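The chain contents come next:
Protein chains: 8
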Amino acid sequence: MNKSELNSILNKVAAGDMTVEEATLAIKTQPYEDLGFAKIDHHRGIRQGASEVIYGAGKTKKQILKIIESMLNHGEKSVLITKLSNESAEYLSQSVPLFYDELSKIAVAGERAVAVNAGGKIVVAAAGTSDLPVAEEAALTAEFYGNMVVRLYDVGVAGVHRLLDHLSELTEAKVIIAVAGMEGALPSVIGGLVDCPVLAVPTSVGYGANFGGISALLSMLNSCASGVSVVNIDNGFGAGYLADMINKI
Amino acid sequence: MNKSELNSILNKVAAGDMTVEEATLAIKTQPYEDLGFAKIDHHRGIRQGASEVIYGAGKTKKQILKIIESMLNHGEKSVLITKLSNESAEYLSQSVPLFYDELSKIAVAGERAVAVNAGGKIVVAAAGTSDLPVAEEAALTAEFYGNMVVRLYDVGVAGVHRLLDHLSELTEAKVIIAVAGMEGALPSVIGGLVDCPVLAVPTSVGYGANFGGISALLSMLNSCASGVSVVNIDNGFGAGYLADMINKI
Amino acid sequence: MNKSELNSILNKVAAGDMTVEEATLAIKTQPYEDLGFAKIDHHRGIRQGASEVIYGAGKTKKQILKIIESMLNHGEKSVLITKLSNESAEYLSQSVPLFYDELSKIAVAGERAVAVNAGGKIVVAAAGTSDLPVAEEAALTAEFYGNMVVRLYDVGVAGVHRLLDHLSELTEAKVIIAVAGMEGALPSVIGGLVDCPVLAVPTSVGYGANFGGISALLSMLNSCASGVSVVNIDNGFGAGYLADMINKI
Amino acid sequence: MNKSELNSILNKVAAGDMTVEEATLAIKTQPYEDLGFAKIDHHRGIRQGASEVIYGAGKTKKQILKIIESMLNHGEKSVLITKLSNESAEYLSQSVPLFYDELSKIAVAGERAVAVNAGGKIVVAAAGTSDLPVAEEAALTAEFYGNMVVRLYDVGVAGVHRLLDHLSELTEAKVIIAVAGMEGALPSVIGGLVDCPVLAVPTSVGYGANFGGISALLSMLNSCASGVSVVNIDNGFGAGYLADMINKI
Amino acid sequence: MNKSELNSILNKVAAGDMTVEEATLAIKTQPYEDLGFAKIDHHRGIRQGASEVIYGAGKTKKQILKIIESMLNHGEKSVLITKLSNESAEYLSQSVPLFYDELSKIAVAGERAVAVNAGGKIVVAAAGTSDLPVAEEAALTAEFYGNMVVRLYDVGVAGVHRLLDHLSELTEAKVIIAVAGMEGALPSVIGGLVDCPVLAVPTSVGYGANFGGISALLSMLNSCASGVSVVNIDNGFGAGYLADMINKI
Amino acid sequence: MNKSELNSILNKVAAGDMTVEEATLAIKTQPYEDLGFAKIDHHRGIRQGASEVIYGAGKTKKQILKIIESMLNHGEKSVLITKLSNESAEYLSQSVPLFYDELSKIAVAGERAVAVNAGGKIVVAAAGTSDLPVAEEAALTAEFYGNMVVRLYDVGVAGVHRLLDHLSELTEAKVIIAVAGMEGALPSVIGGLVDCPVLAVPTSVGYGANFGGISALLSMLNSCASGVSVVNIDNGFGAGYLADMINKI
Amino acid sequence: MNKSELNSILNKVAAGDMTVEEATLAIKTQPYEDLGFAKIDHHRGIRQGASEVIYGAGKTKKQILKIIESMLNHGEKSVLITKLSNESAEYLSQSVPLFYDELSKIAVAGERAVAVNAGGKIVVAAAGTSDLPVAEEAALTAEFYGNMVVRLYDVGVAGVHRLLDHLSELTEAKVIIAVAGMEGALPSVIGGLVDCPVLAVPTSVGYGANFGGISALLSMLNSCASGVSVVNIDNGFGAGYLADMINKI
Amino acid sequence: MNKSELNSILNKVAAGDMTVEEATLAIKTQPYEDLGFAKIDHHRGIRQGASEVIYGAGKTKKQILKIIESMLNHGEKSVLITKLSNESAEYLSQSVPLFYDELSKIAVAGERAVAVNAGGKIVVAAAGTSDLPVAEEAALTAEFYGNMVVRLYDVGVAGVHRLLDHLSELTEAKVIIAVAGMEGALPSVIGGLVDCPVLAVPTSVGYGANFGGISALLSMLNSCASGVSVVNIDNGFGAGYLADMINKI
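Sequence order for the protein chains is A, B, C, D, E, F, G and H. With my numbering applied, the first sequence corresponds to residues 1 to 249, in that order. With my numbering applied, the second sequence corresponds to residues 1 to 249, in that order. With my numbering applied, the third sequence corresponds to residues 1 to 249, in that order. With my numbering applied, the fourth sequence corresponds to residues 1 to 249, in that order. With my numbering applied, the fifth sequence corresponds to residues 1 to 249, in that order. With my numbering applied, the sixth sequence corresponds to residues 1 to 249, in that order. With my numbering applied, the seventh sequence corresponds to residues 1 to 249, in that order. With my numbering applied, the eighth sequence corresponds to residues 1 to 249, in that order.
So here's chain A without its partners, still in its complex pose (with noise of 0.2 Å):
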């Protein structure tokens, strides 16, 4: 709440135009509904521009109904869970209509956005197949934020040969997500050959001196390449969204 919002507030109860209780009330008031183990934030879609998103992993899958079930009361037509396991998405799928993507682990409860807003493409480039769980994660997130998404997989710097025959794709897009595991140079090649911003994402993918995903990590966090921020390891579901406010600006 800002100041002139706080002022026209203040003068309505100075004017008589709005009880002491009212106005406690709309300074207060919470917007959000608590269920005890979790409170739900309603007027998130208003403030934010995007509804609140269910982080599957820490939860039950009770929880994650109930979360789903008030939200739909109030009003969201749909819901996005993310890492969000084959038993909870089988037990929510009795209780909501449910589209869920076995890759990545991504759901939607409710109607699934078909309609695709104004805005540019969202290039998602992954460089292995192995890292194609994280890049769906994102690329599902950018289209049920209403994006298009283009998808560009097996693209890694081992064979540039690959990358640089989507030049145009590439050149096209108003922002790309780059997704990669092992040495997580990709985002470095792709920052030097366009002029967007590009998300990277490291994962976890590979073995040995990989630690979990932290060299990919290191890499896109040193790049050489001007334009490039970095996320959290799988984090597929933060560029997505993030890609997704950058298209829309």
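None of these hints come from the bench; they were simulated from the model. Please note that a few of the clues may not be correct.
[What the hints assert, rightly or not] Between beta-carbon pairs, the in silico distance windows are:
#1 Ser93/E with Gly120/F: 23 to 33 Å
#2 Thr19/G with Val150/F: 31 to 41 Å
#3 Ser8/G with Lys121/H: 33 to 43 Å
#4 Ala57/D with Glu169/C: 34 to 44 Å
#5 Thr19/E with Glu172/H: 29 to 39 Å
#6 Pro97/H with Thr60/G: 24 to 34 Å
#7 Val150/E with Val150/F: 45 to 55 Å
#8 Leu103/G with Glu102/H: 24 to 34 Å
[To be verified] Heads up, simulated DSBU-like pairs for lysine-lysine below, C-alpha to C-alpha not over 35 Å straight-line:
#9 Lys174/D with Lys77/C
#10 Lys12/G with Lys77/G
#11 Lys61/A with Lys83/C
#12 Lys174/E with Lys62/H
#13 Lys77/C with Lys66/C
#14 Lys121/H with Lys174/E
#15 Lys248/H with Lys77/E
#16 Lys248/C with Lys174/C
#17 Lys121/D with Lys121/C
#18 Lys61/A with Lys248/C
#19 Lys77/E with Lys174/H
#20 Lys61/H with Lys83/D
#21 Lys121/H with Lys62/G
#22 Lys77/E with Lys121/H
#23 Lys77/G with Lys248/F
#24 Lys77/G with Lys121/F
[Stated by the list, open to error] Simulated coverage check for chain F against chain A, where a stretch passes if three residues somewhere in it have a Cβ under 8 Å from a Cβ of chain A:
#25 56 to 62
#26 226 to 234
None of these values were measured; they are calculated from a predicted model. Note that CB positions come from ideal geometry on N, CA and C, so glycine has one too.
Could you slot chains B, C, D, E, F, G and H onto chain A? The hints should help.
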């Protein structure tokens, strides 16, 4: 070079409008000047929308001067140099017009841009006084590329009311750069308040278990707020450059 | 044993009021029972103000039962067990009265304390739903020792207004336990709002660059708020125990 | 600002006892002075029970002087500065009355507090001679806030009888600060002897696999004694500040 | 083979007392049997004073059996196997006489030594109940080589009086093995009380910032007590073996 | 495509010997087949001298089968698959001729190469029995490409005479692969004995402070012997492939 | 000494052609000179094909001079010294003929080799200007041993077209040294373009999450390109030495 | 103080042979002098068989002098000081007789011991010239306590024949100290050759992935040779002290 451009050149060759030599040159021409120790990319401004920038830390003052002169001689009006030592700055200023900010170690050789391009405001928020060198590196970079920058300094999360008092500036921003050392929580708090991209810059400010910025870096990568991405520790330039890119979409 | 106690014993010996054997015993008596695999300290309740607690994780269910029985036989009314597996809990409940909380893996054998001792309120604040097991371990520990506990759950910093709505509960607390995984920023924000001790508990909640709780741990150690101290990752018990200690000062 | 305070202000506005402008000011007034590079919080003494402290390490001597003058001009009688270099101390002492302890790099500008407030004794125990700078930072901080401090130095665990000879001082303490580098075992041993809170401060003293204090830090976090919590490496101030908080409960 | 042995062989060749073939064999003879996957050193008992030991963790039960049989067939009376799984133990016991200790996963195939050799007592001290598997690995190894072992268990530093009650056993030891997880402070405290070598064994017992034993390992390496050296995490065998070596000097 | 090849194509176009379409195709033709989840490079055998290899770990058995079939259909006689699970091997063997080595998890689909190409011998030396899976991955890879391989197993540095007995095999090698876990010293000792390249392969064999192979990896990187280079932990394939490359120079 | 050499010596002894003393000498003779602080290996040139090299960093200038003189006195024509400080170079040049390259800190005492031996070209590719010291260490080492070296500098992956323009040099190389700091992706991209061994040299160039070269090191170890192996951070010498070895196979 | 000593004192009190005050003194007497910043333990020579040693690194030259004087005044004939700076050594030598070794930074104040006690030889083996400072710290410490020391320097594993030439010295040792940086393999190779305890001392010698000695430390902890234990990085004193202890058993 994408397919249609290649097609076009080949068609000219087939039509006799272009010699084989000319075509070879067009396809293979090196859009950079080779100084031996560096290859200056003079077409980067066209290809990527922003001229090449000189990272001053790993270069001698003589190398830096040569690169600047090469760039100014090829039509650049101004050149940005980051992490420039006081000593090198003094040396350069004897040969080229130089703006130098001692706090952030950033310099502009040639004309300093004054005109503010179209686009929204970029907010640069910094947690503490000690984070200012990095914050200023980001702010001056964004200004170099013609953006309007709003500075919010000393708004760390341990005094969250200082930040909330600037809610209006935050919500009016098109992109926010959040700079913090120590626990690095500023981007998470800001990310929860706004609906624009937040670029998080960890700094090496702190001591003990701070480990030269790792603490802040990990905090930012693990941010529970959506819409946050991260650049390297102390990489104010990277954030300023990317903010410019996003602001101009 | 301090100097005056020693003096007193020696004086009795010198006066013939105590035999050498009795003195030896008094000075050297072992205030614990030796079960072979463990030495149970039956005077700890007197010496440290709180009975010994059983850390369930590294022990077999039979070992745990033996320790409980030894303690109940020596006059303890109830025994706290932490990190107790479901299977061990089931086994124990066949032999002793047992309260068991499956979420936090905490149990109380014997009578469960009900009376609330004097002292102020202890607030247990948790950032996200996934932090609840650790938060409940802290809360139930504090309640075991007779403290009044106020729970504030799902008040993470990415939705700082949820936390600010509970400012009155926070400012009325005598000591606050702040539990958070991921970026672990909750203790810093709370520490800046109140003037009582804040005990920070990092949790292993998260993924990727979270590194099993290191991210949250480092954030809390580097907190820019004063009055914050930290216990081990996932150590809800430690925070609950220390909060009780402080509350009873 | 909690609900009742807000209610009170709004009631005054409704009753006409307060103008809209006055109410806005009361709700939104900035309880700090903006020096550009820093925002000085002049109400913190009231809100948090202790005035703001200046962390000297990341600031220029001129910045520090400006902050001190701003605070003294707003009614503070004395200001605590930590990690202050000899050079800055000399500079400051030309403009303001300054107590400076070269060992711990701590300073007090203005009047140095002498009166000892109510409350129990705070024991500061240090393992070795090399830990004294950090121990003194803790002790002087606690004394600055009016506490009675007992120093037990060179009582490391490799000579456990030195520590046991001071059992009476330890058991009489209301809160103990245990400072140690190297293996950092002091807090565990003390924690097992007493029933008051033990604040553990790892120091960066040592070499080799000490890794700048990590060894001691991890030891303290993993303490098998209950009632121990930890602050950052070398953070004597933080421990002294928190000890004062606990002592005054 | 040292110079005098070589001289002796060469002299025999020069004198015609030894053929070239015999000399070659004597110099080059392979004092081990090659099983393909392993080379069994049958002279090690002579050369190093102790027979080869089988590290069970990285081998199949069939490989282990073959090695045991090869050793028993070459005159060994008994063979020590460490880190042996329950399943492999059951398999082996069908073919060879086997003593197996489930707690420490240590086994003896063939005759189990009973006679106690000359030498002083070896004390094995363990901090907590959870450290017993490693402590028993050390104790049983030392006993396998004919040493008298005194066990002091559950004597962690958080109850330092439990340890001090055994001061006489400690001071009578010729070498002490100190086993501890968590903060790993036991060797430091013991090292300060005695004047014999202390072999420190960190264990992976603990959780959170324990990091699989790193915390205890670093503590022990940084011990401020003299006369302490360290073996690998959980390496009870290594400590038992070295203690035997020292005890027999 | 280098300059002369490009010149040649362009000359043909200029001479009318090649249409624009043909030239475009020649320059841009995609030398791989796109299976959606993977792009199979069918020209790699020509371009790099060795066919593409399938890294089995991150792929489903169905994906692997599709890639094998695509490669065999394009003229490959045999395909190498690494890190293949038993289950996938069983599945594949129902559809294609398959050699599978359970120890090293390496497989060859199609014809298994038998002919030994020209070139010297490759020695694969392994420190311990537990390193054999990685050593065999290296050896079988080198044999797959037609090299003669000499295996020296169980020649770890703690029994340096076992290694020295094989000095002649070592000095006759053209390239040596040295595989070791734990302290990883084998490559250093070998590197000091020979004058051919030594490829060091750290394995994750060991426990405690081994940290999944980091100990051996660091040892090998810090080798004081010249002529040693290192591949990733457990990367037997990488060493075998590179040894083949060097052997055929 | 292998079996046949030993046989030969023993046969001579048996035949009376060699005395026992001579044989002892031949077998045991120390092929190095003992300077007390160092043992100079004068036969290494014969045994390993390359003379010993002096690692200058950990030695005093006087120690270095003594070693050089010992080597030159034993018939070496030239001696390579790495990581030599300016000051030591100046000192040495007063006593022996010295070539010194200040950038790479590499020196040659005695005659500097000029003749180029047979063998293919070695390409040294460096990502950025700041990597030149390490790249030159590699290049000058390879030249010292008589190889023809092609330098490709400033060809980092963020400007991949700069690298591709040198495809012909790359494909004509017999072995390639790829030097890079920051994200260290250069070896992966090169490895995918060529079919010769690629020796990757990580440099400590960069800042922040670069961690003194760890980022580049991990990238290179995790390279998805085959045929890549890695040497220690900043170890240009090691790569140059190994490249020479491979080139001469 | 063990039970029998306590009994004895108490019996004297009961018999009237000792006053209460005398007994108190005997039990509680502080066997150290308190200098404020340090507590000097004057009975340690009796209790632990070796006088206290001064760790010079963390103390001022004045503190060191005071401790030395206190010790010499209480009957010590000589005092060992480690890690003593040149400057402090010069200062001390003006007040007390001082032997100072600049290489190892070790000093002896007072009389320097010359008599060699009974016991076997201690071998100090060092891998490279750069390891000599640490090796000499170990050797001089052992000599200070009256041991006979044999030095074997520059016997690193990359030239294993240099080490094998000293097999007789190694096999005749009663305890061996093996000092090495870089890959730290020396203790493993030595451990496999001898049947006496090997004390491994990692040094911080090296660069790049050496990480200040971590590489050597991990190698030594993971040694596959039995009978090896490890002290802290660069802790030559610790190894020398422990070797003395073992040698005198």
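Results of checking the hints against the structure:
Remark: the range hint 23 to 33 Å for Ser93/E to Gly120/F is contradicted by a beta-carbon distance near 48 Å. The hinted range of 31 to 41 Å is satisfied by Thr19/G and Val150/F, whose Cβ atoms lie roughly 37 Å apart. At about 37 Å, the CB distance of Ser8/G to Lys121/H agrees with the hint of 33 to 43 Å. For Ala57/D and Glu169/C, the hinted distance range of 34 to 44 Å is satisfied, since their beta carbons lie about 35 Å from each other.
For the pair Thr19/E and Glu172/H, the supplied restraint of 29 to 39 Å holds, since their beta-carbon distance comes to about 31 Å. Taking the beta carbon of each, Pro97/H and Thr60/G are about 28 Å apart, inside 24 to 34 Å as hinted. A beta carbon spacing of about 51 Å between Val150/E and Val150/F agrees with the range 45 to 55 Å that was offered as a hint. For Leu103/G and Glu102/H, the hinted distance range of 24 to 34 Å is satisfied, since their beta carbons lie about 32 Å from each other.
Note on Lys174/D and Lys77/C: the hinted pairing holds, with a Cα-Cα distance of about 27 Å set against a maximum of 35 Å. Only pairs whose Cα atoms come within 35 Å are accepted, and Lys12/G paired with Lys77/G is accepted, the gap being roughly 34 Å. A threshold of 35 Å between alpha carbons decides the hint, and for Lys61/A with Lys83/C the separation of about 23 Å falls inside it, so the pair holds. For the proposed pair Lys174/E and Lys62/H, the alpha carbon gap of about 39 Å is over 35 Å, so the pair is violated.
Among the hinted pairs, Lys77/C with Lys66/C is consistent with the structure: their alpha-carbon atoms are about 15 Å apart, no more than 35 Å. For the hint pairing Lys121/H with Lys174/E, the CA-to-CA distance comes to about 20 Å; that is within 35 Å, so the pair holds. As the CA atoms of Lys248/H and Lys77/E are separated by approximately 32 Å, the hinted pair is consistent with the 35 Å bound. Restraint check for Lys248/C and Lys174/C: satisfied, since their Cα atoms lie roughly 10 Å apart, inside the 35 Å limit.
Proximity of Lys121/D to Lys121/C is assessed by CA-CA distance (about 24 Å); at most 35 Å being required, the pair is judged to hold. For a cut-off of 35 Å, the pair hint linking Lys61/A to Lys248/C is broken: about 40 Å separates their Cα positions. Distance hint between Lys77/E and Lys174/H is fulfilled; the C-alpha atoms sit about 28 Å from each other, no more than 35 Å. A distance of roughly 23 Å separates the Cα atoms of Lys61/H and Lys83/D; the hinted pair therefore holds under the 35 Å criterion.
For the suggested pair Lys121/H and Lys62/G, the alpha carbons sit about 31 Å apart, so the restraint of at most 35 Å is met. For the proposed pair Lys77/E and Lys121/H, the alpha carbon gap of about 33 Å is at most 35 Å, so the pair holds. As the CA atoms of Lys77/G and Lys248/F are separated by approximately 32 Å, the hinted pair is consistent with the 35 Å bound. Distance restraint check for Lys77/G and Lys121/F: the Cα-Cα separation of roughly 33 Å lies within the 35 Å cut-off, and the hinted pair is therefore satisfied.
Figure legend: the region 56 to 62 of chain F, annotated as covered by chain A; annotation consistent (3 residues with Cβ-Cβ distances under 8 Å, at least 3 required). Given as covered by chain A, the region 226 to 234 of chain F passes the check, having 3 residues with a CB less than 8 Å from a CB of that chain where 3 are the minimum.
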